[in-house]
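Protein chains: 2
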Amino acid sequence: MINETYKKMLQGKSIIRELSEYATARGAEIGYDNVFDYSLGNPSVPCPQDYTDVMMGLLREEDPMAIHGYSPSLGIERVREAVADSLNRRFGMDYEAKHIFMASGAAGALAHAFRCVTSPGDEILTFAPYFPEYGPYVNLSGAVLRVVPANTENFQVNFQALEEIMNEKVMAVLINTPNNPSGIAYSTATIERLADFLERKQKEYGHDIFLISDEPYREIVFEGADAPYVSKFYDNSISCYSYSKSLSLPGERIGYVAVNPRCTDADILAVMCGQISRGIGHNCPPSSVQLAVSRVLDQTSDLSVYETNMNLLYDALVGLGFQVVKPGGTFYIFPKALEEDANAFCMKAKKYDLILVPSDNFGVPGYFRMAYCIDTEKVKRSIPVLERFVKEEYPDR
Amino acid sequence: MINETYKKMLQGKSIIRELSEYATARGAEIGYDNVFDYSLGNPSVPCPQDYTDVMMGLLREEDPMAIHGYSPSLGIERVREAVADSLNRRFGMDYEAKHIFMASGAAGALAHAFRCVTSPGDEILTFAPYFPEYGPYVNLSGAVLRVVPANTENFQVNFQALEEIMNEKVMAVLINTPNNPSGIAYSTATIERLADFLERKQKEYGHDIFLISDEPYREIVFEGADAPYVSKFYDNSISCYSYSKSLSLPGERIGYVAVNPRCTDADILAVMCGQISRGIGHNCPPSSVQLAVSRVLDQTSDLSVYETNMNLLYDALVGLGFQVVKPGGTFYIFPKALEEDANAFCMKAKKYDLILVPSDNFGVPGYFRMAYCIDTEKVKRSIPVLERFVKEEYPDR
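Residue numbers (this note's numbering), protein chains in the order written: chain A, 188 to 584; chain B, 188 to 584.
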């Protein structure tokens, strides 16, 4: 019989998807150039030419049986080695291939990490504002997601709220830095304090608490931001990565789980991921993509457009009197709305063909997200529209 | 804390993998050409040249943002349409795009199908001999796999045993035709009788019973075999397909779920698969692979080598006095061992560098599987070795 849990989920609607669909439909009416669509977090710059060249070379020169053949369930060994080497070189870690599990993007990586270190009924904490998909990702794994309220002053961790919500059933803490939707990177001070807190709680409860770090925006960090490599600060940590944003390959589904070599059972967690895969029908990233990405690991797309866009928008928003924390990375900014009801605010913006996402689904009411992974030229054109919207709709400010 | 379920699974060993690793190690000693490795079911013929050409064309000519961009969670719309069209043309079905969910290979497809039509605690029946991964695939979904004993006369369905094991908790029946490991295709008569049986039981129990058909070998069918398209015979059916074998692209992870347009809730099952994906971290097949495969849907690799190899082996095995049912497809054959203990039989064969897989893990004791997806030349050289093995080890036969 049809599964009722999944059937019921069909009634839920994604506000982001609805807004994106609206923007597309509106674009069909008035020209998409005239819709200032800040809804979707899709990379707006192409992958590095080297990626394309490497893939073409593989297809032209290599044995099809080798490049299209089965990957071992943990990933192709020399790809895992290359990932470990790159992380060690860049972040001073000491990963070996055995600590790396190749996953189909960050969603795949997180699905494995959750199941590795929690059992059904255990709690996983995350911090508002947070990526709304964490709800189904965690809850359908059998664990329970609990959200620590935001520190709206600077969107670092709200330690007082963390202390209050923390309990013995928490087996993992999930962070996302640089953060979707706030754009904030957790500072060295934040990570150190979080690590100290978790060390203390591990002792108090007498069990491991894993720090799962979701890092798809790790390579999109802006000038002056303090955005340290999380796993350097806490032994029981798992880094979940995706090349979707750094190499602009979101559709090719490639990322990894990197198990901290100093964590409990460090040598078996990646192998356990292989077992978890059997249960959830996960498959390795495509073999050809593993091979191609492994040759451009230290490259990124030209990500500079995101910082250009952020600076334009940040200055404009501040100039218009918005309360907004300056992003340290990603391609998101998360200002406070001009009225308490962020939905009402975003509905008004829609009349100006400004597509903004209200913050309620991110676990913080009263804010909105702009995904500025769009052309700089369009960002510039949107600023006078934003100005008109604010002046007309909120004349008394 | 580390999840004990998955940790315990690390103790389980795959006999197929062990034998394959032994064959590789032995090959390093004496030359792999001298090891008659019948262990692994990996395609041995390259993908069609057209696939490579199409992919090269996409990489050379198309916008990287389009070919590497996010796929919608159910798959790229025009790819889903192309799959539906191809199935309709080939099998006289009436699928629409909305019935197709693109999945990362058959493992991904099955993970979604199980969760669509069962809830935790429900039973799924399958028939021995069966692909051993069905155990973890089903059991880790929360459903319970129960195995109907084999009909060893011809490896069609053992209906008497099915009748005995059938009960109200069975929400789905899982078949695999042509079958790994037996190589047998279920005949029209078998499918019709199975459909009648399930229709009757649906009425008796007052609930749907879905037929989930795992069809990665659908395109590898030998002359004279009766191998009908399963979903034509039963409305509540879901076809799970992979291009791994037909296009020799096992590492590229592409397949689909095709929901029978006449089944209960036909219009929502594919959408439910999208919800299931969120919970299990599944991702669509890679966008570029979806696009390339959609242009070569009706092609296959040159699969004729498998039939050539089957005929050589079948004749040799019959000549040596083995009891063996002639395969109707796949690249497997499943003869009866020459002693009751198939493990002992296969251990003896190993001394002759014949790598055969004992049948116990497939749910039938006393048989062995040969995966003849290897060069025909090697199959020919293996026959005198097989002969010597039988004569020396079983002289009294």
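For the record, the hints were derived by calculation from the structure and aren't laboratory data.
It is possible that some hints are incorrect.
Copies of one chain are not kept apart here, so a pair can be met inside one copy or by any two copies together.
With a straight-line cut-off of 20 Å between C-alpha atoms, the simulated DMTMM-like cross-links for lysine to aspartate or glutamate are [as the list claims (entries may be wrong)]:
hint	residue 1	residue 2
1	537	391
2	356	413
3	195	454
4	356	528
5	356	547
6	565	283
7	200	249
8	567	208
9	578	272
10	194	395
11	194	454
12	578	310
13	535	248
14	195	562
15	537	350
16	194	309
17	200	281
18	195	395
19	567	310
20	194	452
Against the structure, test the hints numbered earlier, and report the numbers of the ones violated in rising order.
As far as the earlier hints go, 1, 2, 4, 5, 6, 7, 8, 9, 12, 13, 14, 15, 17 and 19 are violated by this structure, in ascending order.
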